[in-house]
Amino acid sequence: MIARYSIYPTISRLVVKSNRYIKKHNLWTLVESTAPLLWSSWSFLDDTATQRYFHIPSYFFTPRETCSNPQCSNPYISPQDVKRCSGCFVVHYCSQGCQRDDWMEHQLTCKYLMLDRKPGRPVKIYTLEHDFAESMVSLDFSAFLAETEVARAELEERRFMKGPEERYPIVVEVLYDVAPPRLGRIYPGEDADAEIRQAPGVWTALEQRKVRGEEVFFYRLARTSNLSVFTGLLEYTVSLYCSD
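In full-length UniProt numbering, the protein residues as written are 1 to 244.
Rather than coming from a laboratory, the hints here were simulated on the basis of the structure.
Errors might be hidden in some of the hints.
[Said to hold, decoys possible] Here are the simulated PhoX-like cross-link-like pairs (lysine-lysine), alpha carbons at most 25 Å apart as the crow flies:
1) K162 to K210
2) K83 to K111
3) K83 to K118
I would like the entire structure built from these sequences, with the hints used as guidance.
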């Protein structure tokens, strides 16, 4: 469970802080000697969370298009300086002025997001948390693309008889509910199962990449029967590899 959500900066901070406490009080050595399996799993989690934690400063101090007011004259702002809507906790603004200007457009969405949160229903991931998760995935590109090179080439050979109009991009699935993340399935997009076809946004993205001949780098943060909960976090695309 912790590994699943350590891709978010708030969780990474807590894991690193907890591990510092454990090591300070010599509990790390105790766990290693009395529960080696737990120690091994926790070590992987510690390494993964620490890597992400030290990426946080470079992320939060780098200006990016963050303000949710479409009329903002300068939406590029460092994540550390943004102001989050106190109602839905999802959208961000560069100033109170931009928040006031966007309120007429945002208030209905804000109301529904607040209603979802009250009974404990799954809610949308905060904008900055989502962006940070994507920045973490981008760090894994080179390793995972290298690992899948042979498999992708073999899949292309098997379907060479199909015309370009019939071929969807190769889908590379990476599992982020474990630490460290690992590869899942690799398959032609046309073989995607019903789970992906029914996921909002994901199949549309696959169709769009088919037209452009790009590969889809698909990742999921958790195994769940309700993929729509993670809309916007399910797929990440790269154009480093293109089908002929």
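Hint check:
1. K162 to K210: holds, 14 Å
2. K83 to K111: holds, 18 Å
3. K83 to K118: holds, 22 Å
Of the numbered hints stated above, none is contradicted by the structure.
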